[in-house]
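Listed here are the chains, written in short residue letters.
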Amino acid sequence: MSNTPRISCRHVWKVFGASAAAELEKAREVASDDVGAVAEALRRRGCVAAACDVSFDVYPGEIFVIMGLSGSGKSTVVRCLSRLVEPTAGEVLIDGENILNLSEAKLVELRRHRMGMVFQNFGLMPHMTVLENVAYPLRVQGIGRSERFARARETVELVGLSGREDSYPSELSGGMQQRVGIARSLAVKPDVWFLDEPFSALDPLIRRQMQDEFLRLQALLRKSILFITHDFMEALRLADRIAIMRDGQFVQVGTAADLVLNPADSYVADFTSDVPRGKIVTAANIMEPAEGVGAKDSISGDVTLDDLLQRFRGGREALAVTDGKGAVIGRVTLDGALEALCRGSR
Amino acid sequence: MTTAEQEIAPIATGRRLGTHWTHLVLFVAVALAALVTGLGGIGGTAPADPLLPLSGWLSIVLDWFSGSFRGLFRIMSALLAWPIEQFREGLHWLPWPTLLVIAAAIGYLAGGTRLALFCGATFAYIVIAGLWEPTAVTLALIAVAVPFSAALALALGIASYRWPVMWRVLQPVLDLMQTIPTLAYLLPILVLFGIGPMVAVVASLIYAIPPMVRAVVHGLHRVPQDIVESGQMSGSNRNQLLAWVLVPSAMPTILLGLNQTIMAGLSMVVIASMVGGVSDIGIEVFQTMKQAKFGRSIMAGLVIALLAMAMDRVTRGFAERSRHGFLACDISKTALIGFAGAIAASLAAAMVFADLRNYSESWVVRPAPLLDAALEWFTINAYPVTSAIKTYMTYFVLLPLKSGLHSAMRPNIWGIEMSPAFTFVYIVAAAGGCLALAFAARQRVLAIGLGVLAIYYYLGTVGTPWTFTVVVVTLVGWFAGGWRVALVALGGMLFILFSGNWERAMISLELTAVGVALSVLLGSGIGIWAALNDRVSAIVRPICDTLQTMPIFVFLIPAVMVFLVGEFTALFAIMLYAIVPPIRYGELGIRSVPHDLIEAARMMGVKRRQMIWQVQLPLALPEIALGINQTVMMALAMVVIASLVGAPGLGQDVLIALSQGKSGHGLVAGLCIAALAIVFDRIIQAWSAGRKRALGLN
Numbered sequence: 001m002s003n004t005p006r007i008s009c010r011h012v013w014k015v016f017g018a019s020a021a022a023e024l025e026k027a028r029e030v031a032s033d034d035v036g037a038v039a040e041a042l043r044r045r046g047c048v049a050a051a052c053d054v055s056f057d058v059y060p061g062e063i064f065v066i067m068g069l070s071g072s073g074k075s076t077v078v079r080c081l082s083r084l085v086e087p088t089a090g091e092v093l094i095d096g097e098n099i100l101n102l103s104e105a106k107l108v109e110l111r112r113h114r115m116g117m118v119f120q121n122f123g124l125m126p127h128m129t130v131l132e133n134v135a136y137p138l139r140v141q142g143i144g145r146s147e148r149f150a151r152a153r154e155t156v157e158l159v160g161l162s163g164r165e166d167s168y169p170s171e172l173s174g175g176m177q178q179r180v181g182i183a184r185s186l187a188v189k190p191d192v193w194f195l196d197e198p199f200s201a202l203d204p205l206i207r208r209q210m211q212d213e214f215l216r217l218q219a220l221l222r223k224s225i226l227f228i229t230h231d232f233m234e235a236l237r238l239a240d241r242i243a244i245m246r247d248g249q250f251v252q253v254g255t256a257a258d259l260v261l262n263p264a265d266s267y268v269a270d271f272t273s274d275v276p277r278g279k280i281v282t283a284a285n286i287m288e289p290a291e292g293v294g295a296k297d298s299i300s301g302d303v304t305l306d307d308l309l310q311r312f313r314g315g316r317e318a319l320a321v322t323d324g325k326g327a328v329i330g331r332v333t334l335d336g337a338l339e340a341l342c343r344g345s346r
Numbered sequence: 001m002t003t004a005e006q007e008i009a010p011i012a013t014g015r016r017l018g019t020h021w022t023h024l025v026l027f028v029a030v031a032l033a034a035l036v037t038g039l040g041g042i043g044g045t046a047p048a049d050p051l052l053p054l055s056g057w058l059s060i061v062l063d064w065f066s067g068s069f070r071g072l073f074r075i076m077s078a079l080l081a082w083p084i085e086q087f088r089e090g091l092h093w094l095p096w097p098t099l100l101v102i103a104a105a106i107g108y109l110a111g112g113t114r115l116a117l118f119c120g121a122t123f124a125y126i127v128i129a130g131l132w133e134p135t136a137v138t139l140a141l142i143a144v145a146v147p148f149s150a151a152l153a154l155a156l157g158i159a160s161y162r163w164p165v166m167w168r169v170l171q172p173v174l175d176l177m178q179t180i181p182t183l184a185y186l187l188p189i190l191v192l193f194g195i196g197p198m199v200a201v202v203a204s205l206i207y208a209i210p211p212m213v214r215a216v217v218h219g220l221h222r223v224p225q226d227i228v229e230s231g232q233m234s235g236s237n238r239n240q241l242l243a244w245v246l247v248p249s250a251m252p253t254i255l256l257g258l259n260q261t262i263m264a265g266l267s268m269v270v271i272a273s274m275v276g277g278v279s280d281i282g283i284e285v286f287q288t289m290k291q292a293k294f295g296r297s298i299m300a301g302l303v304i305a306l307l308a309m310a311m312d313r314v315t316r317g318f319a320e321r322s323r324h325g326f327l328a329c330d331i332s333k334t335a336l337i338g339f340a341g342a343i344a345a346s347l348a349a350a351m352v353f354a355d356l357r358n359y360s361e362s363w364v365v366r367p368a369p370l371l372d373a374a375l376e377w378f379t380i381n382a383y384p385v386t387s388a389i390k391t392y393m394t395y396f397v398l399l400p401l402k403s404g405l406h407s408a409m410r411p412n413i414w415g416i417e418m419s420p421a422f423t424f425v426y427i428v429a430a431a432g433g434c435l436a437l438a439f440a441a442r443q444r445v446l447a448i449g450l451g452v453l454a455i456y457y458y459l460g461t462v463g464t465p466w467t468f469t470v471v472v473v474t475l476v477g478w479f480a481g482g483w484r485v486a487l488v489a490l491g492g493m494l495f496i497l498f499s500g501n502w503e504r505a506m507i508s509l510e511l512t513a514v515g516v517a518l519s520v521l522l523g524s525g526i527g528i529w530a531a532l533n534d535r536v537s538a539i540v541r542p543i544c545d546t547l548q549t550m551p552i553f554v555f556l557i558p559a560v561m562v563f564l565v566g567e568f569t570a571l572f573a574i575m576l577y578a579i580v581p582p583i584r585y586g587e588l589g590i591r592s593v594p595h596d597l598i599e600a601a602r603m604m605g606v607k608r609r610q611m612i613w614q615v616q617l618p619l620a621l622p623e624i625a626l627g628i629n630q631t632v633m634m635a636l637a638m639v640v641i642a643s644l645v646g647a648p649g650l651g652q653d654v655l656i657a658l659s660q661g662k663s664g665h666g667l668v669a670g671l672c673i674a675a676l677a678i679v680f681d682r683i684i685q686a687w688s689a690g691r692k693r694a695l696g697l698n
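Protein chains in written order, with our numbering: chain A, 1 to 346; chain B, 1 to 698.
Simulated from the structure, these hints should not be mistaken for lab results.
By construction, the Cβ of each residue, glycine as well, lies at the ideal position given by its N, Cα and C atoms.
Possibly wrong hints are sitting among the right ones.
The list that follows gives simulated cross-link-like pairs (lysine to aspartate or glutamate, DMTMM-like), each with its CA atoms no further than 20 Å apart [claimed, not checked]:
id, chain 1, residue 1, chain 2, residue 2
1, B, 293, B, 372
2, B, 293, B, 376
3, A, 189, B, 229
4, A, 106, A, 91
5, A, 106, B, 229
6, A, 189, A, 91
A few chain A residues facing chain B, derived, Cβ under 8 Å [said to hold, decoys possible]:
id, residue
7, 82
8, 84
9, 111
10, 117
11, 120
12, 123
13, 125
The shape of chain B in the complex, shown without the other chains (with noise of 0.2 Å):
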């Protein structure tokens, strides 16, 4: 912080570290004291076992309803499978370039021939790959995962509208839907529903609804004053108000939430037919991928990644015709009647031909054998440096942040041993820093961070004692949000300790942690650079986009193909995940200060660099600051499908519990992954939205 900004009164309750030297003393004394008191063995250890036998009871309450009410669910299931199979065999029925012709009019429809051009290749790549059978059975559980979210999440959020209560309630049920991580609650959906498609279609209800619930809310509040009462003023009674003035005029956001919705659904839906026995094309991948058939696990990726792309923009086009009040802006009515009589001729052209019915088996091409092959080359030839990257990494930074110096310290490797003097080296250093920081730079946030940062290289996230990372979490929040962020923190931190999964909590954080680092350095670097370049910012957009709309799962494939099964294949899955939002907030974090102050800046004669580091990054910091947000959420949810790859921590407690059938455990750790992501959310939304008013911006 410079001095300028220590100098604003802050005109937010929550405190802002550095704005009085006491808090920070008061900071530093407390945490010091719980670090002295935990390494002097009070509170020191986590409770390995659970101080409340919290799955325990959950297994036993999950147990008791899956019994009482195991008939209604398998009836459900059995209800909801019919249409997922009729669906699944109207789209094996359908001649194949029929589907062709169908996908490129959506896409028509949607956005134009360049949509059109896209859809129709993303099908003929399905279908000449031969993985047309498997993508069927994924789409039919989309089809109706999909109505049935929306239609739940309109009706929510319209409730949460008319009655602002309900949303009080809802919005942290909604935060615990989205974070606790699938495979979590994939378990007690298994259980109750029975092995079927069911498990697919619940698990991404779940998931899916949240966003297009907030998108329903968020649009409809946001719908312009004046419109709101002159459709009062009119004469509207409340049923008209909502049906004819207000979801018509949100109808923009409202559809994309919808996008969100379907995005969310694929997602879900390709990694729960795992545990379903589907076999649809989730399975396709995950199953390859575990058997080191890379080549063929690629083009599996390749498809849900195209998949996922058309979806997406298909959606967000009809998002935005809707925008303009109607649907055909510039859509030929030769187009159309040119795609209807295409379906019709493809029809009757099925009929006579067989292969144009079913595609023919020695029509499909299979390059996986090549992919193999390049890819082995790669892995061969990369290796030096690969291996050299995993070292350094596992042993500079992944386990001494993890288990502690004294572990990683291997004299090949460190080329010294640890020792005392080395300690007291060390400390004397870090020390040295803190103080120059503090006093010297007058940076005093970064000082403690520092400080911090310190303290963990050398214990261990699992070693520190835990009343050092409950008092420090819990005043971080204090001082970003007062008293109710650190309620929150407390809170979290608390359930994580008193369900006894303390240790694995660490392991998980300190992995997210890493992961979020690299990812928020690389991404607001590139970010950033994009900002201040066009030409990379061209670039880098269609990237962003494109890894964007990928599912979460098809981001192990690269991850395990390079570096194989281990930590730092996790490490490096979650960094190419949660890359996106830095490098989009750092551009726009920066592209959004304002121009006036650009200006000014400029006719004082501040060069260039100046203006970057004292100008543009400060104020860009708010922006960047909920990319991190983003980055932290996306992280934490990689952490457990990344388990799938080797990942140690919470993830891996949630694997066991569901090869094991223990529901319960599954789902506390889970719910304390959940506990991570809602406290670090709210930490990181309460500094961003301070600093933000402190500034003065929007």
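Isolated chain A (complex conformation) (with noise of 0.2 Å):
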């Protein structure tokens, strides 16, 4: 992943109430930089700070996931990026232009190049074939119909639906919709990907398969993906860094290994509290420095807790941890390996 985000947040704040901005004004000013306590002193104004000084980075090729529970603001923070919800404060960039100032037919363009969103109830068009739904982001921007229909079609195949091209929304399963709303999404081969909860709306089964049906989409297409959800393990399986919302604040910020490892308050620690942790740590989150251990002895950075606890058996105590090319970056203890195996299961 390069350096430069793709999408950045920085001090964004939705206030919904009676004119908002100056409330919001009025608020800084009493309590300056305490999150908290502006959001109080809205909170006694009669408004609501659905999201508060959010700031955050997401870089090309990253799945970064918003999770947290309902009335977190997950989903307002997302909107305030599309535009759908108009941010109080603050500014969004994408690709270094804030996107906050454009006008409305910038806007326009913006989502019709360079944005796909999915939605958790679908938002298909109840009147239009799974073609027509596919291919209409292609319409709004004047393009023919066979181009467009054709280049629906490879969408639709992409997303392993050929063959109900002429079927109506109201005939398929959830889990087909859900398709149909990725497809249309991909329709203009956005930059940007948003996902409001996806796949919340389906069932559990369905939802595991749509999963591994994102992830092997994200690897063919690499694209720089904002993902909300209130599910901790949906957010393990699919995310490179989480962020934990919370009363419309991030919480913390992380690899679903740092949550694990180190969660910032008692709110994080519940939440990866039934997080199987041998499958999520690796050595290379748990490694001491490295101290005269035999290179024979050693196990990759990479290897999860689970795997490397099999490699205690026979009495060793120690085992060095390499990195991708082989040179010895740290030790790892049995101690150290059953303590991070159980902190918070007291």
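Hints are included, so try docking the two chains, each in its own frame, into the full complex.
Below, the structure is given as structure tokens:
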């Protein structure tokens, strides 16, 4: 992943209520930098702060997951980024350009070419066939019928719905409808891909299949993705990085292993308490500085804890950890491994 | 209200009667004060002359308007008369077998074989009864009026969705358009457009546009959020979003609005043609009814009813089919080819056989004399019963509520005479009843209701001081929905007062109230029965469907047939016309009680009777109240039409104004009716919304 972020969110606030912008100004004068206090001040004035001082970056090719319970503000954040909802304060940069300053016409252009979004309840037009639905973003650009249908067909094939092009949404199952939603969002080959709880409305088994599908597509297309979910297991499966959100604020941002090993507070710890740590935590996450351990007792840094523990059988006490090229970068001890496994299960 | 409900803290800002006893005491005190002062002479009798010469002003304005723009309107009239005439000629030119096939084909496209048969049968009936000529005129009027209305309504609806300010302004205008009785604004239209089909077209335009505008706005707002957002995220600009996403998604609702517009259009066309001088099927009904030729009246009324049902089912059929995004669900190509072939064949055959071109007079079936005879037999044999019903209702209900007990207490009917002793007993009984309800049964709302009813029963709506009525209505409005509703109530009542129409308005109000009470009692009972018994429901539903599609006019026929002309006839017509909403909402209310509540109650060992009275009814009440709302609206509409058959009150005013050419006068009377409608509509809606919120229902 390159180092310049594709999507940047800087100090974005979204306040609902009468004269929200003015109220936010006033609250910030009073409470200055204490985000919690500002939110409280707004609440007392009858406003609701749905997103409070949210800042994060999404790098090209990365899957960034925002996770939180209902009412945490995660849907608000993704809508601020796509300007379905106008932020009260802050900046949203896509490829370095602040999209909050764009005129309506330019915003429409942005959506037509560089953004795609998948919705929780699919958002399919009931009066259009699958093909027409997928071709719709191309239709609004003025692309002719045969060309847009041809391109739509490709995308329909990409999501595995070939043969169902002439069906109506009401004739499809939930999983198939969401594939149409995914196909439609990909029809314009966007750089940036938003998914708002795309699999939450599906049955658990289908959900797993769709997650696999999603990972397969991402391996192929390498989009910069903002993914919203309330399911921590889903976040673990899909995310490169996760942001946990609560009451409109980011509580912690990091990889799954970070969250599991170093939860920022008890809220995050609660979320991660049921996680099978053995599958998430790797040797590289728990290693200590290397001190004289023989190279023959070594394991790669990305071996998971479960597999790692196997290697300690037979009385070994420490193993060297190597990086991708075989150089030793640290060591793990049995104690350290057991502690990482058990922490949080008191 | 049960104690449990009294404990629930109201979430709404509107006051609820019975929540605080202080409010009730206030209510009683103020009302009694108004009553006493009124009886004592202060503000007692309503001004007979209008305080503001509103009708005079309106007449002047209308005269000026029609004078200045007459030329323009006459041109418009001529312009629109042309397509109407062409359409009628076209219908006249086509041979009747062809029309039969076309009718069946339309039915088939909308609803399959059953509807095809129904449409075909309807047309066949019209032709066989010899009533095709006047029906063709009606159809021509509708064919011009409806597309206009629909196009205008769609435009207004879309604009209201786009600019919410416009919607806020438009809504009261729409309310007014739907509640002012057509007869009231027929005269100005007549003056503007001259005698001709235009009157019917414009009148039906005014009445038919509101339902569709509301449906368009409602439908657009109800497009699911994710569809709107996905349309936006696909890069649609505003116009693309509206044309390609919003309107198509809302199409089923819009088409249902179109259905209502067509039905409203048919209703109004039939009435308005009376004034406009076109000889269509409406005139046929009206004239034969006036001449007491009921057999022919029934035949013509049946045409209107069947026409209404056919149009309703066809438009609903198209609306349903649009829901699935395609029109051709079970339409077979062979059927279409068959229809096309039949049309061609019939056209060819008509050229050869004259009888297939114009339906021969000798083939017309006229069962009217038979019907008349049957009707006569029925009336004569039922006379004791009908006469008794009429007398008892008049002397025990209608007359006291209108003019007070003293005018109704005839010794031969009541058995006793009015006397101070009786008055004393009455007051004691009423007061006792109220107190008992309030304290023994803890039903404070009912207690106040009984008290108010007792006062009106004794003094009559006309005899009660206007201060009392105004105060009561305003306070009820305040309790139902806060100061906003109270303001509307006060405004409406004062308007009526200052226009000089108070007495007549009270008469109309009384007639409407009794009609509504009867409809609601009878209708809710039937509805609740239907909810508890599926067989009854299966019988009741098609009857309601049929009744609901019939234009208001048609309901006069059975009323006049059985009870002749008079006040009770009007009451009967109102009851018949307005009974469908209570039935529907009664059933809906009971059926909508959340299933888990029923199960929970069953698990607690609640018996069937208790279930109905303690669980289902209280929770169904808000829904039933919504039905009362519609009932009141329909009753008020009927009150004016019923003046054609002898109902006293504001309707008579409108009719007289119509015949004497005093357009302003008629309009003002119409506005008074609209005022009554709007006031009670707001009160009932606010109360229902408040109850729903308090009960935590959706």
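Against the structure, the hints come out as follows:
Taken as a hint, the residue 293(B) and residue 372(B) pair is honoured in the structure, with Cα atoms around 7 Å apart against an allowance of 20 Å. Between residue 293(B) and residue 376(B), the direct Cα distance comes to roughly 11 Å. Compliance with the 20 Å bound is thereby established for this hinted pair. The suggested pairing of residue 189(A) with residue 229(B) holds, with an alpha-carbon distance near 19 Å, which does not exceed 20 Å. Under the criterion of a C-alpha separation no larger than 20 Å, the hint pairing residue 106(A) with residue 91(A) is consistent with the structure, at around 17 Å.
Taking the CA atoms of residue 106(A) and residue 229(B), the gap is about 17 Å. The hint holds against a cut of 20 Å. A distance of roughly 25 Å separates the Cα atoms of residue 189(A) and residue 91(A); the hinted pair therefore is violated under the 20 Å criterion. The restraint placing residue 82(A) at the interface with chain B holds, with a minimum CB-CB distance near 6 Å, inside the 8 Å limit. A hinted interface residue such as residue 84(A) counts as satisfied when its beta carbon comes closer than 8 Å to some beta carbon of chain B; here the least separation is about 5 Å, so the hint holds.
Interface restraint check: residue 111(A) against chain B, minimum CB-CB distance 4 Å, threshold 8 Å, status holds. Interface hint at residue 117(A): satisfied, since its Cβ lies 4 Å from the closest Cβ of chain B, which is below the 8 Å cut-off. For residue 120(A), the interface hint holds, since its Cβ comes within 8 Å of a Cβ in chain B; the closest pair sits about 7 Å apart. Using the Cβ-Cβ criterion of 8 Å, the hint placing residue 123(A) at the interface with chain B is satisfied: the shortest such distance is roughly 3 Å.
The criterion of a C-beta within 8 Å of any C-beta in chain B is met by residue 125(A), whose closest approach is roughly 6 Å, and the hint holds.
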